[in-house]
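Asks: First to last, the sequence lines map onto chains A and B. According to our numbering, the first sequence is numbered sequentially starting from 1. According to our numbering, the second sequence is numbered sequentially starting from 1.
No lab work stands behind these hints: they were computed from the structure. Only a predicted model underlies this, so the values are computations on that prediction, with no experimental measurement involved. Backbone N, C-alpha and C define an ideal beta-carbon position, used for all residues, glycine too. Just to be clear, a hint being listed does not mean it is correct.
According to the in silico footprint, chain B covers these stretches of chain A (three or more CB under 8 Å from chain B) [stated by the list, open to error]:
no.: 1; stretch: 23-33
no.: 2; stretch: 104-114
no.: 3; stretch: 244-250
If you want the ones that stay clear, here's a sample from chain A, every Cβ over 10 Å from chain B, calculated [as the list claims (entries may be wrong)]:
no.: 4; residue: V119
no.: 5; residue: A135
no.: 6; residue: D173
no.: 7; residue: R181
no.: 8; residue: G233
no.: 9; residue: R255
Only pairs whose alpha carbons sit at most 25 Å apart, straight line, appear in this in silico DMTMM-like list of lysine to aspartate or glutamate [to be verified]:
no.: 10; chain 1: A; residue 1: K20; chain 2: A; residue 2: E90
no.: 11; chain 1: A; residue 1: K20; chain 2: A; residue 2: D221
no.: 12; chain 1: B; residue 1: K162; chain 2: A; residue 2: E116
no.: 13; chain 1: B; residue 1: K162; chain 2: A; residue 2: D69
no.: 14; chain 1: A; residue 1: K20; chain 2: A; residue 2: E83
no.: 15; chain 1: A; residue 1: K20; chain 2: A; residue 2: E9
no.: 16; chain 1: A; residue 1: K20; chain 2: B; residue 2: E150
no.: 17; chain 1: B; residue 1: K162; chain 2: A; residue 2: D96
no.: 18; chain 1: B; residue 1: K162; chain 2: A; residue 2: E111
no.: 19; chain 1: B; residue 1: K162; chain 2: B; residue 2: E84
no.: 20; chain 1: B; residue 1: K162; chain 2: A; residue 2: E83
no.: 21; chain 1: B; residue 1: K162; chain 2: A; residue 2: D221
Each chain, letter by letter, is given below.
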Amino acid sequence: MSVPTSTIELAGVGKRYGRKRALDDVDLAFDRGVTGLLGPNGAGKTTLLRIVATSIAADSGQVRLLGLDPHGSHADVTAVRRELGYLPQELGYPSDMTAFGFVEYVAVLKEWNDRERRVQEVRRVLDLVDLTDQATTRVSRLSGGQRRRVGLAQALLGDPRLVVLDEPTTGLDPAQRADLRRTLSALGHRSTVLLSTHQTEDVAALCERVVVLAGGTVRFDGAVTDLVGTAMGRVWLADEPGEDALVSWRTGTGRHHVVGGTPPAGADPAEPTLEDAYLLMLGPDARRLGAPA
Amino acid sequence: MTTGTQGWHTGPALLSSYLAGALDAITGASVEQHVNRCQTCRTAVASLLEPQLMERTWAGVRDAVERPPLPYPLRLVRRCGLPEPTAVLLAAAASLRGAWLVGAFLSVSFATLAANVSGGTALAPFLLVAPLAPVLGVAAAYGPRQDPLEALVATAPYGRTKLVLLRTIAVLVSVLPVTALLGLAVPGPPWLAAAWLGPALALVPVLLALAGFVGPRVAATIVSLGWSSVVVASTRGGLDPTWPVEAAQQGVYLMLGVAACAVIAIRSGVHRQRGVAL
Chain A
1 MSVPTSTIEL AGVGKRYGRK RALDDVDLAF DRGVTGLLGP NGAGKTTLLR
51 IVATSIAADS GQVRLLGLDP HGSHADVTAV RRELGYLPQE LGYPSDMTAF
101 GFVEYVAVLK EWNDRERRVQ EVRRVLDLVD LTDQATTRVS RLSGGQRRRV
151 GLAQALLGDP RLVVLDEPTT GLDPAQRADL RRTLSALGHR STVLLSTHQT
201 EDVAALCERV VVLAGGTVRF DGAVTDLVGT AMGRVWLADE PGEDALVSWR
251 TGTGRHHVVG GTPPAGADPA EPTLEDAYLL MLGPDARRLG APA
Chain B
1 MTTGTQGWHT GPALLSSYLA GALDAITGAS VEQHVNRCQT CRTAVASLLE
51 PQLMERTWAG VRDAVERPPL PYPLRLVRRC GLPEPTAVLL AAAASLRGAW
101 LVGAFLSVSF ATLAANVSGG TALAPFLLVA PLAPVLGVAA AYGPRQDPLE
151 ALVATAPYGR TKLVLLRTIA VLVSVLPVTA LLGLAVPGPP WLAAAWLGPA
201 LALVPVLLAL AGFVGPRVAA TIVSLGWSSV VVASTRGGLD PTWPVEAAQQ
251 GVYLMLGVAA CAVIAIRSGV HRQRGVAL
């Protein structure tokens, strides 16, 4: 068997929570590069990421990570976990730990047993997320964005080949987002990075590839530019809100940004954004998201 | 060299003597005061110093600030051969902190005192508290919904089972000797001092097995209520004060403990994933 395998392979993967179907027959494969998962709340993003992070097992289908079965032998599970960096959606921090102490604790769990090398590595990842100056501050005293970056730092320990980030940009300001973009694109050259977000602009800025999930199924999988392309000719700037538009809102210039439906009289075609394309892709499901303010 | 206080700078000869520690106390202190405030002289000092020395000193300062020393008991155990990474993990476990241990020590002490004051007729408080001290310590040291790092611990190569067992052993090692010593002070037959160990050691695996299903808090509550009912019922029922820890009952505890271990092992086998069972 010399079939080339992807770093992450999901075939027919399903997961239920009681009667709710979180993922339904998902087929996806990921290799080096940064992929963004987009989707409304409850679309199955977190479930998918938890499966890839070996945190939960799928109910059905096949999951292969680095060519190994994450629910196979202990040796296989451990081999996968050694190459995994995971930022969970919700991460608690013991209140009396410092940023350095927290990342060091995780480093020990990740088997950085040599003290000198561990300290160097912890300093390196804290520096990557620009927290060197806050290394000795208690996590409870850090701001939300800083805490998120502490979480991100531990996920980067050891340059893992498999990086799973559940909403890494929550609480980051634009400058920090730009830093994250630099870090992730460097990481994407050798690792498979999978991140979820609610922010289409994060995906546009961070990712080469985008997967849109809704209701536990894959609605789109392809290049970010291809997703934007699907909205070509369906977005306008007009003086009136669109009658049957999917969404339309008044922009700062006083004109209406109309997405979908028929163009109002006197409408000018507009360059679609990733957000327009995303909203059109989800169709009526997008209403549940609410249009941008 | 001297042109008023503003324009004055230490010359190379003076600085070299200062760095060599060859100046008398007053001159040395004066130079130090000046260097602290004068950018030009600080730069001059830096060029005279060995860079390696500066680096070593800085690394030392950084190390001391970033990594505060381990708690004293852990440093003690480290000297007995506990690996450094393990010490880092244990330092983070809440129930191994001083406050918790002092709390456990005090409750067992009071129970011992009560038994003493009553002249051995009121053994119930001691028998109630002593086996529960390690159980609650283990529960407090671990678990989903309680460990804020749960999601990370579960997906780290170290493995959650290993971490839970490590903490369990650490709690037992820290709580059992003190409780055993206090047990010696309880009036009654000599075997009583060790007899409470039976339920204590059986209840810990029961807690771990239950925690796999309902989480550590509920599991700790169930185990505490269960053990309390045994002790209270024996007192109310007019049984001998030592009844809960007599040989026949010890057999039951042993069986319970073995059954709990079996449940843990079976669940580990079924899930075939490290860390799921606990």
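Asks: Hint by hint, note whether the structure agrees.
Replies: Checked hints:
Using a Cβ-Cβ cut-off of 8 Å, 0 residues of the stretch 23-33 of chain A lie near chain B, which falls short of the minimum of three, so the contact claim is violated. Counting residues of the stretch 104-114 of chain A whose beta-carbon sits less than 8 Å from any beta-carbon of chain B gives 9, enough to reach three: the coverage restraint holds. Under a criterion of three residues with beta carbons nearer than 8 Å to beta carbons of chain B, the stated coverage of the stretch 244-250 of chain A fails, only 0 such residues being counted. At the 10 Å boundary, the C-beta of V119 of chain A falls inside the reach of chain B, the nearest C-beta of that chain being 7 Å off.
At roughly 6 Å from the closest C-beta of chain B, the C-beta of A135 of chain A falls inside 10 Å, breaking its exclusion from the interface. Distance check for D173 of chain A against chain B: the nearest CB is about 25 Å away, which clears 10 Å, and the non-interface claim stands. The claim that R181 of chain A is not at the interface with chain B holds, since no C-beta of that chain comes within 10 Å of its own (minimum 24 Å). Non-interface call for G233 of chain A relative to chain B: holds, since the shortest CB-CB distance, roughly 44 Å, exceeds 10 Å.
Under the 10 Å C-beta cut-off, the non-interface status given to R255 of chain A relative to chain B holds; the minimum distance is some 46 Å. Annotation: proposed proximity of K20 of chain A to E90 of chain A holds, straight-line Cα distance about 21 Å (limit 25 Å). Between K20 of chain A and D221 of chain A the alpha-carbon distance is near 24 Å, which keeps this suggested pair within the 25 Å criterion. The straight-line distance between the Cα atoms of K162 of chain B and E116 of chain A is roughly 24 Å, inside the 25 Å bound, and the hint therefore holds.
With a CA separation close to 21 Å, the supplied pair K162 of chain B and D69 of chain A stays within the 25 Å bound. Straight-line distance between C-alpha atoms of K20 of chain A and E83 of chain A comes to about 31 Å, which puts the hinted pair past the 25 Å bound. Proposed proximity of K20 of chain A and E9 of chain A is supported: the alpha carbons are some 24 Å apart, at most 25 Å. This hinted pair checks out: K20 of chain A and E150 of chain B have alpha carbons roughly 24 Å apart, not beyond 25 Å.
Restraint check: the Cα-Cα separation between K162 of chain B and D96 of chain A comes to about 23 Å, which is no more than 25 Å; the hinted pair holds. Distance restraint check for K162 of chain B and E111 of chain A: the Cα-Cα separation of roughly 12 Å lies within the 25 Å cut-off, and the hinted pair is therefore satisfied. For a cut-off of 25 Å, the pair hint linking K162 of chain B to E84 of chain B stands: about 16 Å separates their Cα positions. Distance hint between K162 of chain B and E83 of chain A is fulfilled; the C-alpha atoms sit about 19 Å from each other, no more than 25 Å.
Taking the CA atoms of K162 of chain B and D221 of chain A, the gap is about 39 Å. The hint is violated against a cut of 25 Å.
Going down the numbered hints, you'll see the structure goes against 1, 3, 4, 5, 14, 21, while the others check out.
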